[in-house]
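All chains, please: the whole structure from these sequences, using the hints.
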Amino acid sequence: MLLSVEGLTIEAGGRRPILREVSLSVGRGEIVGLVGESGSGKSTIARSVLRLLPAGARVSGRVAVEGEDVLTMGQGALRDLRASKVSMVYQDPRSSLNPVRRIGDFLTERMVRTLGRPKAEARTRALELLDAVGMRDPGARLRQYPHELSGGMLQRVVIAAALAADPALLLADEATSALDVTTQAETLALLRRVQAERELGMLFITHDLHLAAAFCDRVHVLYAGTVVESRPAKELFADPRHPYTAGLLACTPELGDPRPIRPIPGRPPSLDDAFTGCPFAPRCPEATAACEEEPPRPVAVSGGTAACRLVEA
Amino acid sequence: MVRKLAGLVATLLATSFVIFAASYAAPGDPVTFLAGGKENLTPEYLAAIRAQYHLDDPFLVQYGRWLGDAVTGDLGRSTQYHDQVSDLMAARLPSTLALVAYASVLFVVFGIALGVLAAVRGGRTDSAVVAGTTFATSVPAFVTATVLISLFGVQLGWFPVMGGGSLWHLTLPAVTLALGALAIISRVTRQSMIEQRELDHVSVARAGGLSERLIVVRHVFRGALGPIVTMCGLVTAGMLAGTVTVETAFGLNGIGSLLVNAINTHDFPVTQAVLLLMVAAYIAVTTAVELLHPLIDPRVRSRA
Amino acid sequence: MTTLVATLSPKPARPLGQLLATAFLGLVVAAAVLAPLVAPYAPEAVDFAATLAPMSPGHPLGADQSGRDLLTRVLYGARTSLIGPLILLAIASALGVALGTLAAWHRGWVDAVVSRLTDVMYAFPGLLFVVLIVAVFGNGMTTAVVALGLAYTPTIAKYTRSVALGECGKPYIDAYRVQGMGGFAICVRHLVPNMARSLVGYLVVLFGEGLMSLATLSFLGFGAQPPSSDWGLMVKEGQPAIVQGAFLPVLVPGAAIALVVVSFNVIGVRLADRMGVRGT
Numbered sequence: 001m002l003l004s005v006e007g008l009t010i011e012a013g014g015r016r017p018i019l020r021e022v023s024l025s026v027g028r029g030e031i032v033g034l035v036g037e038s039g040s041g042k043s044t045i046a047r048s049v050l051r052l053l054p055a056g057a058r059v060s061g062r063v064a065v066e067g068e069d070v071l072t073m074g075q076g077a078l079r080d081l082r083a084s085k086v087s088m089v090y091q092d093p094r095s096s097l098n099p100v101r102r103i104g105d106f107l108t109e110r111m112v113r114t115l116g117r118p119k120a121e122a123r124t125r126a127l128e129l130l131d132a133v134g135m136r137d138p139g140a141r142l143r144q145y146p147h148e149l150s151g152g153m154l155q156r157v158v159i160a161a162a163l164a165a166d167p168a169l170l171l172a173d174e175a176t177s178a179l180d181v182t183t184q185a186e187t188l189a190l191l192r193r194v195q196a197e198r199e200l201g202m203l204f205i206t207h208d209l210h211l212a213a214a215f216c217d218r219v220h221v222l223y224a225g226t227v228v229e230s231r232p233a234k235e236l237f238a239d240p241r242h243p244y245t246a247g248l249l250a251c252t253p254e255l256g257d258p259r260p261i262r263p264i265p266g267r268p269p270s271l272d273d274a275f276t277g278c279p280f281a282p283r284c285p286e287a288t289a290a291c292e293e294e295p296p297r298p299v300a301v302s303g304g305t306a307a308c309r310l311v312e313a
Numbered sequence: 001m002v003r004k005l006a007g008l009v010a011t012l013l014a015t016s017f018v019i020f021a022a023s024y025a026a027p028g029d030p031v032t033f034l035a036g037g038k039e040n041l042t043p044e045y046l047a048a049i050r051a052q053y054h055l056d057d058p059f060l061v062q063y064g065r066w067l068g069d070a071v072t073g074d075l076g077r078s079t080q081y082h083d084q085v086s087d088l089m090a091a092r093l094p095s096t097l098a099l100v101a102y103a104s105v106l107f108v109v110f111g112i113a114l115g116v117l118a119a120v121r122g123g124r125t126d127s128a129v130v131a132g133t134t135f136a137t138s139v140p141a142f143v144t145a146t147v148l149i150s151l152f153g154v155q156l157g158w159f160p161v162m163g164g165g166s167l168w169h170l171t172l173p174a175v176t177l178a179l180g181a182l183a184i185i186s187r188v189t190r191q192s193m194i195e196q197r198e199l200d201h202v203s204v205a206r207a208g209g210l211s212e213r214l215i216v217v218r219h220v221f222r223g224a225l226g227p228i229v230t231m232c233g234l235v236t237a238g239m240l241a242g243t244v245t246v247e248t249a250f251g252l253n254g255i256g257s258l259l260v261n262a263i264n265t266h267d268f269p270v271t272q273a274v275l276l277l278m279v280a281a282y283i284a285v286t287t288a289v290e291l292l293h294p295l296i297d298p299r300v301r302s303r304a
Numbered sequence: 001m002t003t004l005v006a007t008l009s010p011k012p013a014r015p016l017g018q019l020l021a022t023a024f025l026g027l028v029v030a031a032a033v034l035a036p037l038v039a040p041y042a043p044e045a046v047d048f049a050a051t052l053a054p055m056s057p058g059h060p061l062g063a064d065q066s067g068r069d070l071l072t073r074v075l076y077g078a079r080t081s082l083i084g085p086l087i088l089l090a091i092a093s094a095l096g097v098a099l100g101t102l103a104a105w106h107r108g109w110v111d112a113v114v115s116r117l118t119d120v121m122y123a124f125p126g127l128l129f130v131v132l133i134v135a136v137f138g139n140g141m142t143t144a145v146v147a148l149g150l151a152y153t154p155t156i157a158k159y160t161r162s163v164a165l166g167e168c169g170k171p172y173i174d175a176y177r178v179q180g181m182g183g184f185a186i187c188v189r190h191l192v193p194n195m196a197r198s199l200v201g202y203l204v205v206l207f208g209e210g211l212m213s214l215a216t217l218s219f220l221g222f223g224a225q226p227p228s229s230d231w232g233l234m235v236k237e238g239q240p241a242i243v244q245g246a247f248l249p250v251l252v253p254g255a256a257i258a259l260v261v262v263s264f265n266v267i268g269v270r271l272a273d274r275m276g277v278r279g280t
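Just so you know, the sequences run in chain order A, B and C. Everything in the first sequence is counted per UniProt numbering, starting at 1 for the first residue and increasing by one. Everything in the second sequence is counted per UniProt numbering, starting at 1 for the first residue and increasing by one. Everything in the third sequence is counted per UniProt numbering, starting at 1 for the first residue and increasing by one.
Among the clues, some could well be false.
[Stated by the list, open to error] Computed spacing ranges between beta-carbons, pair by pair:
| # | chain 1 | residue 1 | chain 2 | residue 2 | range |
| --- | --- | --- | --- | --- | --- |
| 1 | B | H293 | C | L16 | 36 to 46 Å |
| 2 | A | R58 | B | R121 | 50 to 60 Å |
| 3 | B | A113 | C | F24 | 39 to 49 Å |
| 4 | A | G56 | C | G108 | 46 to 56 Å |
Quick caveat, the hints were computed from the structure, so don't treat them as lab data. Cβ coordinates follow ideal geometry from the N, Cα and C atoms, glycine included.
If you want it as structure tokens, here you go:
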């Protein structure tokens, strides 16, 4: 397995852990979705794959990339992992690039400074990459500054840089959320294309369950730091088993869909909301008194698991 | 660019006007004032003053003539030394410029180094630098000067106590002049680096496997450079004015001590000339720093 | 405005430091008030037998070239050294607050004129504007204090303007305007009192600076004149004795200046911090 996260728990001072017992895996050539509201801990999972942990965090569990545990590896191995095995694409391309350095610098920095490739070679590679992500006149782009490009163009640059060292795993953290709708579609198509061409494993993080269901092979739904449902995308979309998943699907309008729009009542829990039972129980339309007593265990459902007492029946 | 230069000229005109017009604000007849007191009032001398300042012309014409003369290097005669003011200043300028240059090197190098150290190391180093700079900005230069003279000049005998000439002589004055500036620069550096460190692109660089040292050099420090350079420029520009205190405290023969002497002896032509020079240099350097800004931040370049 | 205040203080000073600073300033104020009662000598009592005396029971902090007791002089010196900055800040804040409020209230050409004026003042680096005034009107404490007051006016005006602009944007000002209250009445009765909090914190920081500037002027011979026991002047007068190895005449007043200014800065930074937090 390319990426396997087992029982990952991260605590950083709040009244509840940021992540509790999260397990997931990404195989080569597979796109795995990670869906949740803001604060559900989805970015923390992606960042922990690169061991970019919150300050003062207590971490337990295992995060393995190609079988090597990221959380315990040495500094050299970690740098190697960050530089050449795993790459990340971020939500806001404009803040991902150093505003006072040229696009070329951004693209070649990792190749030259971390992997020790000659500058000329890195430049050639940068040109290839810009071409591969569909940017016209790559030579001129290399000399431009980030503020001279549009958000969509910058996100292409970020994706190109992510591909620079031929990684095996791509982490896309809300990679299209900050872009215009048309640019979003282009960027998604680009991600899909480079993923298929290079047989990348991809962890695709989004707050949009519809998007995840359409884009991914499998989807994990995250709520308050725990995985509440993980299923193949099509099954999840067609037949959500966890009430939270069902709620997420029900609160977006869809053309020609007879389901009424029903917003989920209440607000997403913060780090100061502690739970004894099911974290979703306070907002769950189907919750019973028993739900508040102890955390539900994931139970096998068609194609995957769902962590809800009501599913057991 | 053109707007900035126009602003420069406008400010220079306004300040020179203030410096010129000040003599008219003095109580009593400007002739008496310009002559440096009643004891100098012989009829011939009065006539000379009237001629030099064109006192019989209308006010604005006087100002125009005075400014024209000043621009062409004719700053009048000292009432105290009876020399050309420009000669007096030319003789003293080199030692003052050497002092300013020496102090600038000191505060830029050590100020930035301390700021970077505080930002990168954090913890105790940071607290020590913050406490040290708070203290350094609270001690006036003349007190620093007397402490340094007492300790390194007299008690330990490492440096000459008075007089100038060599780099050795200039060390204690330069340290004094640099100390307050150093504190300001290290604070700006520290603050700016801490702000930059929190930016997303720094964490992106880290996620790309870049070593911490390179992250600090290529991203954090590079990003922090704008405010640092601006502040270094402003502080250097103000340094010429700072020599007034430091040269007096160390008994150095420079422009600063010339100004103090001129005021204490009512030598107004010299006072005007030195003030004009210091203000002009200050305005010129601050404008130069502004013009430098686009070179550091490409975003400013395209906006202009 | 908040960011401006926040950058003034890279790190809040520890409460202990603030406590010490407050206690020390309390002591200095007490010394200034009680100087005639607690000082062992008269400030101008010359005693050539005690010339440059070291620390001793008779002269706890030694004596200067004329044998004047340094403890006595530094206690009396606290008076001029504290009253000077107080008056100069009174002048500067009266003018500065008026100009700043005027500029913020009227905007337009009034604002433009005020900002041009401050620009010209700012073009004089350091104390040069004050030096020019002293050169014209002659040396002396009064000239120095008034000149410094004028020199600090643009700083306060600029600060007041930025605070006032923020305050003018608040609905309560509009509410008074709608009620038909005149501009002057709103400014004096409502705007200025509401800005007082921010201004006081700023003035505390400026007090230390003003004390430093005033002492520097006295040191240069432009401010306090002999036989005053102003701290800056004491350093100036003590300087010739350094080469004779007598450091007390400069170190005692020098330390007094440094400690008082540090105390003001520690407290000022703390106040600015709090304002920054509450201002948001």
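Structure-based check of each hint:
{"no.": "1", "hint": "B:H293 / C:L16: 36 to 46 Å", "verdict": "41 Å, holds"}
{"no.": "2", "hint": "A:R58 / B:R121: 50 to 60 Å", "verdict": "25 Å, violated"}
{"no.": "3", "hint": "B:A113 / C:F24: 39 to 49 Å", "verdict": "32 Å, violated"}
{"no.": "4", "hint": "A:G56 / C:G108: 46 to 56 Å", "verdict": "53 Å, holds"}
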